[in-house]
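Student: Put the two chains together into one complex; each comes in its own frame, and the hints tell you how they fit.
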Amino acid sequence: MISPEIKFMPLVAAVASEGPQLVELLITIKTPSHSKDLPSKRPSLNLALVIDCSGSMAGSKLSYARKAARYLAGELTERDRLAIVTFDDEVKVLVPSQPVRDPLLFISAINTIDAGGCTALFDGWLAGATQVANQLDPGGINRVLLLSDGQANEGLTDSNAIAAKVRGLTQRRISTSAFGLGLGFDEDLMGAVATAGDGTFAQIESPKQLADLYAYELRGLASTLGRMVILEIKTNPGAQLQDVLNDLPQSSESNFQLPNLRYGQELGIGIGLFMPGWLPNKEIASVSLSWENPDSGDRKELTKKLVLPVKPHEEVDVLDVDCEVAEKLAFLHANRERRLAIEALDRGNLSAAMVRLEAIDERLAALPQNERVQRERSLITEKMSLLRHDPGLSRKRLRSESLRSSLNVWEEVDEDS
Amino acid sequence: MADSSLLSLAVADGSPAHYGLVELLAMAGERLGEEITPRTVRLYATEGLIDRPGKDGRRAVYGQRHLLQLLLIRSLARRGLSLTAIAPLAACSDEELLEQLLQLEEPPAHQVSRESMDPSSEEQQEALAYLHSLQSERSPSLLPLLGSTLGSSSGSPPPRRSLFPRSAGRSSAASSRWYRFSLAPGVELHLSELASIPPAGKRREAWLQRLVTRLREQLSSND
Numbered sequence: 039m040i041s042p043e044i045k046f047m048p049l050v051a052a053v054a055s056e057g058p059q060l061v062e063l064l065i066t067i068k069t070p071s072h073s074k075d076l077p078s079k080r081p082s083l084n085l086a087l088v089i090d091c092s093g094s095m096a097g098s099k100l101s102y103a104r105k106a107a108r109y110l111a112g113e114l115t116e117r118d119r120l121a122i123v124t125f126d127d128e129v130k131v132l133v134p135s136q137p138v139r140d141p142l143l144f145i146s147a148i149n150t151i152d153a154g155g156c157t158a159l160f161d162g163w164l165a166g167a168t169q170v171a172n173q174l175d176p177g178g179i180n181r182v183l184l185l186s187d188g189q190a191n192e193g194l195t196d197s198n199a200i201a202a203k204v205r206g207l208t209q210r211r212i213s214t215s216a217f218g219l220g221l222g223f224d225e226d227l228m229g230a231v232a233t234a235g236d237g238t239f240a241q242i243e244s245p246k247q248l249a250d251l252y253a254y255e256l257r258g259l260a261s262t263l264g265r266m267v268i269l270e271i272k273t274n275p276g277a278q279l280q281d282v283l284n285d286l287p288q289s290s291e292s293n294f295q296l297p298n299l300r301y302g303q304e305l306g307i308g309i310g311l312f313m314p315g316w317l318p319n320k321e322i323a324s325v326s327l328s329w330e331n332p333d334s335g336d337r338k339e340l341t342k343k344l345v346l347p348v349k350p351h352e353e354v355d356v357l358d359v360d361c362e363v364a365e366k367l368a369f370l371h372a373n374r375e376r377r378l379a380i381e382a383l384d385r386g387n388l389s390a391a392m393v394r395l396e397a398i399d400e401r402l403a404a405l406p407q408n409e410r411v412q413r414e415r416s417l418i419t420e421k422m423s424l425l426r427h428d429p430g431l432s433r434k435r436l437r438s439e440s441l442r443s444s445l446n447v448w449e450e451v452d453e454d455s
Numbered sequence: 005m006a007d008s009s010l011l012s013l014a015v016a017d018g019s020p021a022h023y024g025l026v027e028l029l030a031m032a033g034e035r036l037g038e039e040i041t042p043r044t045v046r047l048y049a050t051e052g053l054i055d056r057p058g059k060d061g062r063r064a065v066y067g068q069r070h071l072l073q074l075l076l077i078r079s080l081a082r083r084g085l086s087l088t089a090i091a092p093l094a095a096c097s098d099e100e101l102l103e104q105l106l107q108l109e110e111p112p113a114h115q116v117s118r119e120s121m122d123p124s125s126e127e128q129q130e131a132l133a134y135l136h137s138l139q140s141e142r143s144p145s146l147l148p149l150l151g152s153t154l155g156s157s158s159g160s161p162p163p164r165r166s167l168f169p170r171s172a173g174r175s176s177a178a179s180s181r182w183y184r185f186s187l188a189p190g191v192e193l194h195l196s197e198l199a200s201i202p203p204a205g206k207r208r209e210a211w212l213q214r215l216v217t218r219l220r221e222q223l224s225s226n227d
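As given, the protein sequences belong to chains A and B, one line each in that order.
Start counting the first sequence at 39; every next residue gets the next number (my numbering).
Start counting the second sequence at 5; every next residue gets the next number (my numbering).
In isolation and in its complexed conformation, chain B is listed as follows (with noise of 0.2 Å):
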């Protein structure tokens, strides 16, 4: 994947023609500085998020617009704004598009990792410590609050509106996405978004009793 990106940069700058899928992750991908799979693009798409692809035969083919789109988005998106948010702000003129990218590179996108970065004040610490003790005492009733991904695919009401994780539950900014489940008062399982866990039943019973095992491992190997 990252080596098919690389060989069609070359396809990048300057032409305004039609692009096919590879070709538009990789021009996205090398700006934004992260990998953008086709899951994602596809996803935006059926979110009306970015215009539908033009045909080419049975090819999809994308455009200048698609690439400022996806850009937006993504800029935006890691920023924390939810899609929600962002559809609006992806379905201006182009020339709003291009605006709004250029304002965007104006201050750096620090504002999301200064979270995590900040030597940040003691009162800060206090403060973020003690909600941090609030969430994870409660819970069962935590999942809301969090990621969604593990959500809807075991079986529990599909996630509305809810594409991305609450920035409360995001434990990085970095371009993989994380979704944190807090299981009980000081114990977090830490989910990717590429976790691939299986559905429930047989197997999800399986690749559960694996983790527990694996768990057990690590404890009785600290000991």
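Next comes chain A alone, as it looks inside the complex (with noise of 0.2 Å):
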């Protein structure tokens, strides 16, 4: 039985046995890599490829767009059912789904596909929907894809209304990535559609990273291993739950939604517990990872108890920090202090979204030095520069690294290319 191992990391080895204490510590969701034989296990995909075809996307992104889905629809079998819809404003089911038996007659159609109009983003994910919906697959996955260059600019316009109607569809067993490309697209928008989505969020620059993307995306669809992901996490009677970085989707006071887990990933969350003094072998809290299996629609669950070594205060002070964690939740707080900026960036107040950033710098300097810590210090540095000469950008890139903590997010750099 293939099944993820929850894990818990302190940030420092033990709880006081006098308190009260502020309790930091990494809870690490591992899933086991691909082994050899599963590829054959793929589960079949059900998708809806809904790309804007506005005005805006006129020119390379859409001959990039074309390129990119005419690679898709390569990389299908016949095994997989797929349907091109494309928006302006109006909407077109330009192939409705149907086994990939033939990618010719889904290229033909591709080439088909010009730019002009507005953007209605809501209607085009709806006739995607229901192509996906009508070919529903009960033991594979079903999904739609969402690309736009825009913001919703006809038609439902909302981004919490169109977020809560994507998060309806979700629980009836159809997920929704969003790709957002260029520089026009409304991050917010995009990343609350992916998030209710239980899907996939991209913040594509160039078109030419079309097609790494839906490579990306075949790969995580092709490995996941759960969906509708739930952290539940129970305190026991004195201990509570003081935070949870990653500013986690809630669906009650405990439950946490988290991205798909696919085979080979490592999550982490962080969180605060604040404690009274605790007793040894008292168990702290109890947490569950809950999952819905892609083939059968199971549902699975794994509990773990949480129970740390107890020592006096004193010996506990002393402790050495795991430089592992603290590296982990540092970029935690990060992504978290990047939502910050951004809010601050809203406000119209650039200073302030300023020593957010500078804030990550100083937090991530004092960690001893590594690639990762070196490579996340230069995301920082680059937001910093790109705040004074295009806040825009800046503000999309910064949206898009803060969606790490509780989403897939494709970087370029997962990418071997």
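For the record, the hints were derived by calculation from the structure and aren't laboratory data.
Every residue, glycine too, gets a C-beta built ideally from N, C-alpha and C.
Some clues are possibly wrong.
Label pairs and their in silico Cβ distance ranges [stated by the list, open to error]:
1) B/E141 to A/V359: 30 to 40 Å
2) A/A253 to B/L102: 50 to 60 Å
3) A/S416 to B/E141: 39 to 49 Å
Counterexamples of contact, computed for chain A against chain B with all Cβ distances above 12 Å [as the list claims (entries may be wrong)]:
4) T150
5) D161
6) L388
7) M392
Computed from the model, here is a short list of chain B residues facing chain A with C-beta under 10 Å [claimed, not checked]:
8) L80
9) R83
10) L85
11) E130
12) A131
13) Q139
14) E141
Tutor: Listed below in structure tokens is the structure:
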């Protein structure tokens, strides 16, 4: 039985017998890597590719979108279904959902896509979702891939309303990924759609990256082990869940939504627990992970009790912090600071945003420097300099990076190419 | 119309010759099992989907290629492909047209009808019902999702690339096409493409009035 593994990694290895105290902890969820016999077991895919072809997509963006769509059609097999929907101010089901027996049929249709009009994003999603729903495969993965370079400016445009509707469909087994292309798309809307859609979020600056993105998405779909993943953290009397650094979407006070589980992946959830003095061997909390198996639709659950060594506080105070945990928590903090920087930007307060970013860098500078930390610092330096001459782009990248705490986010660096 | 189609069937097989429009329609209609109207053929010709007919005096004449094109276009359109998507496929050489038609015949064209007759899973029903409720919720902006014939005859922007309804709005995969409009939550109007809608103005008002009266009668008879 292939199952994820829950591990607790406290920042320091013990809690104090006298309180009160704040205990910082990383919960890691590790999934086994793809074993050799798995490729043949890849679930069949039931996809709708929904392509924005409003006026702003004209030129190279659309030409790459066509190219990437052709790539996608070429990668699927007759076990999979694909529908292609385009939208500008009107929605067109270019190819209704059908098995990919002959990629040429799709390719000919894709070649006819041209650009013009406004962005009826919600209508486009709805038409794509209907194509997938018409052919809903209870034993496969059903997903809408929404590609847009614009703001929704036709039909339903409110991002909370759209996200709520997307979430409703997620609960009915059809997920949605949101891919924003270029500099004009609404990153908040697309982020909300991917979050509500239990899918992937991507911010693509060059249309050339689209084919890589689709490859990433297909690999992700092929290696999905669990969808609609919920982490439940129940503390025992006395202990209090003070903070979840990832700022995960919540379905109840103790239930947090995690991204899809994929083979060979490790998710880290940073939490802060407020505790009184603790007794040895006393359970602090119980953490349950539940997910839906994409093949069978069954929900599975895994529970682990959190128990930590207890020592007098003088001893706890001198314990070394676990560097690996400190680094991961710092990254989660950095993503949160990004969200706060965006809020400051939206208030028109550029200097407050800058202060947030500086705070991230200070925290990262205090860590043992390695490649990962260096990369994160260079991302921050880049955003600071971008804030001065292109705050819009800086905001887009900040949003995308901040979502890494709670979503599967495509990053160019993930690609070998 | 149907009678003349049957009569002209005799001309169909084996003749490489030229046919008149009626013969073309009859041969295509026979093979497809649906009636094709002259209007449809003219539309396809105007849109460049089938080659322009030749001339025999003042009479338009069609050949084998026109027949193949027409068969392919209708077969693909019945599977829900839009005309824009079909256009490049219908522009192929005769051999390729034939090959495509053969391919289409192999897996029976049940894909579209599967949507309406499949004893689908509970989950599928639920997802479709949910999406349907989303569509009904937003009647004012539903038009672009759905049919276009009504739109084009009511003075709204011309259906630039929307000669066919999106399949999301199609209520039946049968040969005559229906356009579906949501008027209010839970209330839909289904319009056949054959319905003739009077132009905007007094005549349209009177027509609408008659519909309202008819609906009122229906409702009170059900009370």
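Student: State the violated hints by number, sorted upward, taking the hints as numbered earlier in the document.
Tutor: 1, 2, 4 and 5
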